[in-house]
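A.B. asks: Protein chains in written order, with the numbering used here: chain G, 1368 to 1474; chain R, 1012 to 1123.
Check each hint, because a few of them may be wrong.
Stated by the list, open to error - Part of the chain R face toward chain G, derived, beta carbon under 8 Å:
1) Trp1058
2) Ser1061
3) Tyr1070
4) Asp1073
5) Gly1077
6) Phe1079
7) Trp1113
8) Gly1114
9) Gly1116
10) Met1118
11) Ser1123
FYI, nobody ran anything at the bench for these hints, they're computed from the structure. No residue lacks a Cβ here, since even glycine has one placed at the ideal position from N, Cα and C.
The primary structure of each chain is shown beneath.
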Amino acid sequence: DIQMTQSPSSLPASLGDRVTITCRASQDIGNYLRWFQQKPGKSPRLMIYGATNLAAGVPSRFSGSRSGSDYSLTISSLESEDMADYYCLQSKESPFTFGSGTKLEIK
Amino acid sequence: EVQLVESGGGLVQPGRSLKLSCLASGFTFSNYGMNWIRQAPGKGLEWVASISSSSSYIYYADTVKGRFTISRDNAKNTLYLQMTSLRSEDTALYYCASPWDWGQGVMVTVSS
């Protein structure tokens, strides 16, 4: 099974900061990588698909990138509404696997 | 507007069965693969099962294989998850998800 190692698990940051969350895949997943945002008590929301493509309605301060087996979600300038949990998901092969999540919180 | 509305959850005893439904609207349901994903209380997301648009391809997590069955009725725009031999560790909020959207989730609690 493909393992997705997500880091950090917790990320204290200040408004206006540039922040990056990373997932490392244990095997090749190509660009079959999605990022989700989940706010407390809410359903997850698709942010990035195909590793680098912004989902509809997602602010342009969010971006996705890939370097080898490392996939990153970057927020260029943190806003208060971005405080949430973030998860990556590989859908290259079954069983599809999520990263363990990153809690983005105000420092 | 896309809507995915799950139903069928509740409290069930260990070893019993439950069937979840997800009614889709606002998009061409028959064109897309669909998924069930769950989240235990206070925990992260866990993929459960996926089904292709025509039901030709079906995949399960190892934790539910042999106990859960995903299916769909494209004429009714509905996705299903039949859950049997339920265990306490199956207690979670179950989400129906298209490639782009998620439902609000339905709670399944397995307890005696």
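A.B. asks: Now look at each hint and say whether the structure bears it out.
C.D. replies: A quick look at each hint next to the structure:
1. Trp1058: Status holds, d = 4 Å.
2. Ser1061: Holds: closest Cβ of chain G sits about 7 Å from Ser1061 of chain R, inside 8 Å.
3. Tyr1070: At about 4 Å, which falls below the 8 Å cut-off, the nearest Cβ of chain G leaves the hint on Tyr1070 of chain R intact, so it holds.
4. Asp1073: Holds: closest Cβ of chain G sits about 6 Å from Asp1073 of chain R, inside 8 Å.
5. Gly1077: Cβ of Gly1077 of chain R sits 14 Å from chain G, so the hint is violated.
6. Phe1079: This hint is violated: Phe1079 of chain R lies away from chain G, its Cβ roughly 13 Å from the closest one there, beyond 8 Å.
7. Trp1113: Interface hint status for Trp1113 of chain R: holds (4 Å vs cutoff 8 Å).
8. Gly1114: 7 Å, holds
9. Gly1116: Status holds, d = 6 Å.
10. Met1118: Where the cut-off is 8 Å and the nearest Cβ of chain G is about 13 Å from Met1118 of chain R, the hint is violated.
11. Ser1123: This hint is violated: Ser1123 of chain R lies away from chain G, its Cβ roughly 28 Å from the closest one there, beyond 8 Å.
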